[in-house]
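**Student:** Letter by letter, the chains look like this.
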Amino acid sequence: MGQKETFRRVLHYIRKYWLYLAASIVMASVTVALTLYFPILTGRVIDLVVGAGQVDFEGVFAILGQMAVIAGATGAAQWIMNICNNKMTYCIVQDIRNEAFRRIEILPLKYIDAHSYGEVVSRVIADVDQFADGLLMGFTQFFTGVITILGTLGFMLSVNVAVTGVVVLVTPLSFFVAGFIAKKTFTMFHLQSETRGEQTALIEEMVGNQKVVQAFSHEDEALNQFDEINGRLQACSLRAIFFSSLTNPSTRFVNNLVYAGVAVVGAVYAVHGGISVGQLSCFLSYANQYTKPFNEISGVVTELQNALACAARIFSLIEEEPQTPEPENAQTLKCVEGRVELSHVDFSYVPDKKLITDLNLAVKPGQRVAIVGPTGCGKTTVINLLMRFYDVDSGKICVDGADIREVTRKSLRENYGMVLQETWLKAGTIRDNIVMGRPDATEEEVIAAAKASHAHSFIKRLSKGYDTVIGEDGGSLSQGQKQLLCITRVMLCLPPMLILDEATSSIDTRTEIRIQKAFATMMQGRTSFIVAHRLSTIREADVILVMKDGNIIEQGNHETLLKKKGFYAGLYESQFAV
Amino acid sequence: MRKLLVYLKGYKKETVFAPLFKMLEATFELFVPLVMAAIIDRGIGQADTGYVLKMGGILVALGLIGLLCSITAQYFAAKAAVGFSTGLKHALFDHIQHLSFTEIDTLGTSTLITRMTSDVNQVQNGVNMVLRLFLRSPFIVFGAMVMAFTIDVKAALIFAVTIPLLAVVVFGIMALTMPMYKKVQAGLDAVLSATRENLTGARVIRAFHKEEEEIGRFEEKNEFLTHLQLVVGKISALTNPVTYIIINAATIFLLYTGAVRVDNGSITQGEVVALVNYMSQILVELIKLANLIITITKALACANRIEAVFEVKSSMEWQTGMAGEAFRQMDQTAVVSMVSGADGLPEKERLAVEFDHVHLTYGGAGAESLSDIHIRVPKGQTVGIIGGTGSGKSSLVNMIPRFYDATAGTVRVDGRDVKSYGMEELRQKVGIVLQKAVLFRGTIRDNLLWGNGAATDEELWEALRLAQAKEFVETKEGRLDAPVAQEGRNFSGGQRQRLTIARALVAKPEILILDDSASALDYATDAALRRALKELPGETTVFIVSQRASSIQHADQIIVLEDGEMAGYGTHEELLADCEVYQEIYYSQFEKQSAVQN
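Line by line, the protein sequences are chains Z and P.
Counting along the first sequence from 1, when you hit position 279 you're at 1262 in this note's numbering, and nothing is skipped either side.
Counting along the second sequence from 1, when you hit position 561 you're at 1478 in this note's numbering, and nothing is skipped either side.
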């Protein structure tokens, strides 16, 4: 995304707050006008204070009164302006974060699986923060700067056109310098931003998995790796910060040139009687006023460069292609019977590496389907496709005869209850986690579900029972306890179809048997898909799919498959091998 | 903040030179009015165009010198600030890496990540600005006051009152907003963890179609953050207008005093002009300072959050290399003096692992997680640990590499208390494969080398073969150099587990612990893995934690855990004969299966 395009997008966000923007500009004008007027009043007072015994006290008092009022009004206007600017900045940032988050919720899982969490998080947090800083600085200093320039210019023109000409001719140099530096530093800031992202990803990885790092005494290597990135970041940050900080001194130098120019030209004019000494000194003070905002504006320009680089990264997230939108006339799957058909399904995660080819399967309502096979054969992929986390490359999947791409995702997923091997719990209370699928469940229902999943006994023993707050990703709960909670979550919803992907892999077998009984009652009349390694878990399935390398190589129930003495029989017998 | 300043130590030269050159620049700025006065007095007064041009040249020269000083100052400031944050991040990362598991459990990772990234950036920004401007502004403010005193003491007293008043306002607002900025950062933390949660839990959130609700939750947190920011903003936005009003009020007083002093002939009109100019010079500097104060307040709040991390000390103390060494020698002589056992070897020496009435209570937990564990494992044995979910199996094995310390009792490895080891020494002896199979971004080789950085390719392949991972690694493009995504997401659960086992095997540990790390493997692979572990050379002691009776039934001894207590301890046959819990577990897995087989 080019800088211009990014800037256009930023303007789009500002538009919503045009009232604040207008108020800010008005207040900035008032502030500047009053600020410029104040020295004029000061000058008038001084004119009344000529020398000993020659002071017009009455006049002095009158003007001092005016000055007091003006000073007060300036302060008030400035405060209002600041508040408007804050409001605009923080609301825009809020909008952007909300939009980024909304986008995360509809990004295809393909994106989420392929990007490191740290990188995405750094965009939503650090980049947006930097952007806010730049934007705020832009608002607060840009308008006052511009208005000050216009105001002083007008005043100078009214005094002497020629000397004003000098000022106007030399100042563009300042813009040129600032623009040149800004262009140069944009890529440096971009590099800095990227390297920072890389560092955040490493921090996320190492700090997030600190236990493994420590188990292998890998701290030193991790630190070395960190230092390597840190060193690169140091180098590119130094370049970015130093070069961007050149703007200020350079433009100030240009200002000094302007000042010298006015002094020389003005003095030469004065020698020939073109202007008075008083006018010249006035000119000099306003020339100073006129050029000072250029310093600020160019400072703002650098800050905005940085902000735009960050904004570009956020916008690229916001503009990331979302998952295929639902067709307009998408049907809603009501409570389904549970007929699932996969016909000629092809799928691969990476285009040139085929995974699933021509997969066909017809599941009758209420059937229990077990999927077995060696690791990496595509079992979990089938689940990904059934839940529509990924879309098939070709072929189609139908539920109750409806292509799942033509029904709403919400209604499709509502009809499935899913327990995955990778347990995920959100930060919150145990109850919050259980009622995820049915927020309106009563206390009795929650406890009944927890009893069915055998989670009740351990929850009871926690310090605050169902109100115990667990941290991010389950915090101190064991893998098995987390899995029990995930099962409880599904037990509470009782959707018409079930997906159990290694749902009991971390649970001991005694508990597992009890849970399975609960599952068995639950699966009565429900279409269910079970991925498991424990053959005991799947023995009672109606259909067993034996998968290898993305294909179904055997299909049938336990007895027929055993008689076949094929792949399944081999797997089954190996259970008893030592 | 004070404690963080040590990271500026390596940049003494820069931290002195940056403000120094800034002051030089300011000094040159002060010459300009003098030159201008000369142009007016002599150039215009005597109609000397040549002189005007000469003085114009001097103005340009002054500007050039100022430019050079300023660039130098910017360079030193940037160098010091960036160097500071680099050093700080290094130290912070190092510090976090040496926290024990207990602290990591309580702190949580997402707050550590914000502190290492966004907080450090804010502090870096603060340091940079302070070096550039913080000395320059007071220099000009006090310089102007000194000049005022040289003109007229009585009028200058107004300066002496105004400056402290300004200081009170500026620092008062700073003190008021500081705690609020801390709250803002906490609000940002909440937004961050919501974002993270939605990335890690994307599947579950979508499966439960919670997207809308999550958006609501996020927007609520975001709204709260914005609200906090606006409140703080309102107060800190006062700085500029209030200082402006104070200064202009001072100017009004100055004019009045000046008028009186001129009226009675104490000072001239020109001197009043000069005094007013000095006052406005202060104003200009203060505006810069006020902007700076916001940056500094934020930076200080962030610095405090970083310091808070530094203040968390590891609850576990390790022997340093030398002390560990001394301990060992002492222990050995102690051991030799208490020779026992029929074969003349000290009995303790032959034990790989010993738990001596060990109890464990996790920090903050009410109940004990392990009670009175008492086991003795001779070298070379295979130990199976089985028990229900939450029975304390992981806790038990986590104590061998000393991830957690016993609340009572002693854990010994090789006859020595684990507390007497140096960290690396102990963890080199003990290889553990954790429940959660984690791989790191890089290549397969990078990951395997974690075990032993000096391992040859042959050793890596051997470890892969033992871990039953050889076959699939061979089919990967690039084989050992095949890329691994973050967390190993491009591998299936079972593949990840086997790679983590291989990683541990590369280290050739004396004690190998598999903490339920074969759960995602199918039975055939699991069985092959166990056969392979049997061939491990020499005296490798193996602990296998599992839910599967088949995985541990052939172990030399089996520990049955229930609710943190040992419900049984012995061989498969012994336990099957007299341990109720074991029977129940075993038959839950085998009874029906044998029925089917028949």
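Just so you know, these hints were derived from the structure itself, not from any lab.
Where hints are given, some of them may not hold.
What the hints assert, rightly or not - Cross-link-like lysine-lysine pairs, in silico, PhoX-like; alpha carbons within 20 Å at most:
(1) P:Lys1336 - P:Lys1230
(2) P:Lys1393 - Z:Lys1337
(3) P:Lys1230 - P:Lys920
(4) Z:Lys1447 - Z:Lys1434
(5) P:Lys1451 - P:Lys1296
(6) Z:Lys1317 - Z:Lys1337
(7) Z:Lys987 - Z:Lys1194
(8) P:Lys971 - P:Lys930
(9) Z:Lys1347 - Z:Lys1336
(10) P:Lys1296 - P:Lys1151
(11) P:Lys1346 - P:Lys1230
(12) Z:Lys1317 - Z:Lys1336
(13) Z:Lys1194 - P:Lys1296
(14) Z:Lys1434 - Z:Lys1500
(15) P:Lys1230 - Z:Lys1194
(16) P:Lys920 - P:Lys1099
(17) P:Lys1387 - P:Lys1425
(18) Z:Lys1194 - P:Lys1346
(19) P:Lys1230 - Z:Lys1336
(20) P:Lys1151 - Z:Lys1531
(21) Z:Lys1194 - P:Lys1100
(22) Z:Lys1531 - P:Lys1425
(23) Z:Lys1434 - Z:Lys1093
(24) P:Lys1393 - P:Lys1425
**Student:** Each hint: holds or not?
**Tutor:** Outcome of the hint check:
1. P:Lys1336 - P:Lys1230: It holds: about 17 Å lies between the C-alpha atoms, which stays within 20 Å.
2. P:Lys1393 - Z:Lys1337: holds, 14 Å
3. P:Lys1230 - P:Lys920: It holds: about 15 Å lies between the C-alpha atoms, which stays within 20 Å.
4. Z:Lys1447 - Z:Lys1434: Satisfied, since the Cα-Cα distance of roughly 17 Å is no more than 20 Å.
5. P:Lys1451 - P:Lys1296: holds, 14 Å
6. Z:Lys1317 - Z:Lys1337: Given pair Lys1317 of chain Z, Lys1337 of chain Z is violated - Cα atoms ~34 Å apart, limit 20 Å.
7. Z:Lys987 - Z:Lys1194: violated, 46 Å
8. P:Lys971 - P:Lys930: Between Lys971 of chain P and Lys930 of chain P the Cα gap is close to 37 Å, so the pair fails against 20 Å, i.e. violated.
9. Z:Lys1347 - Z:Lys1336: violated, 31 Å
10. P:Lys1296 - P:Lys1151: violated, 69 Å
11. P:Lys1346 - P:Lys1230: violated, 26 Å
12. Z:Lys1317 - Z:Lys1336: Since the Cα atoms of Lys1317 of chain Z and Lys1336 of chain Z sit roughly 37 Å apart, the hinted pair is violated (cutoff 20 Å).
13. Z:Lys1194 - P:Lys1296: With Cα atoms ~26 Å apart, Lys1194 of chain Z and Lys1296 of chain P exceed 20 Å; violated.
14. Z:Lys1434 - Z:Lys1500: holds, 12 Å
15. P:Lys1230 - Z:Lys1194: Given pair Lys1230 of chain P, Lys1194 of chain Z holds - Cα atoms ~17 Å apart, limit 20 Å.
16. P:Lys920 - P:Lys1099: holds, 18 Å
17. P:Lys1387 - P:Lys1425: At roughly 17 Å apart (the allowed maximum being 20 Å), Lys1425 of chain P and Lys1387 of chain P satisfy the hint.
18. Z:Lys1194 - P:Lys1346: Satisfied, since the Cα-Cα distance of roughly 17 Å is no more than 20 Å.
19. P:Lys1230 - Z:Lys1336: Roughly 49 Å between the alpha carbons, so the hint for Lys1230 of chain P and Lys1336 of chain Z is violated.
20. P:Lys1151 - Z:Lys1531: With Cα atoms ~64 Å apart, Lys1151 of chain P and Lys1531 of chain Z exceed 20 Å; violated.
21. Z:Lys1194 - P:Lys1100: violated, 30 Å
22. Z:Lys1531 - P:Lys1425: Distance of about 33 Å is beyond 20 Å: violated.
23. Z:Lys1434 - Z:Lys1093: violated, 36 Å
24. P:Lys1393 - P:Lys1425: It is violated: about 25 Å lies between the C-alpha atoms, which goes past 20 Å.
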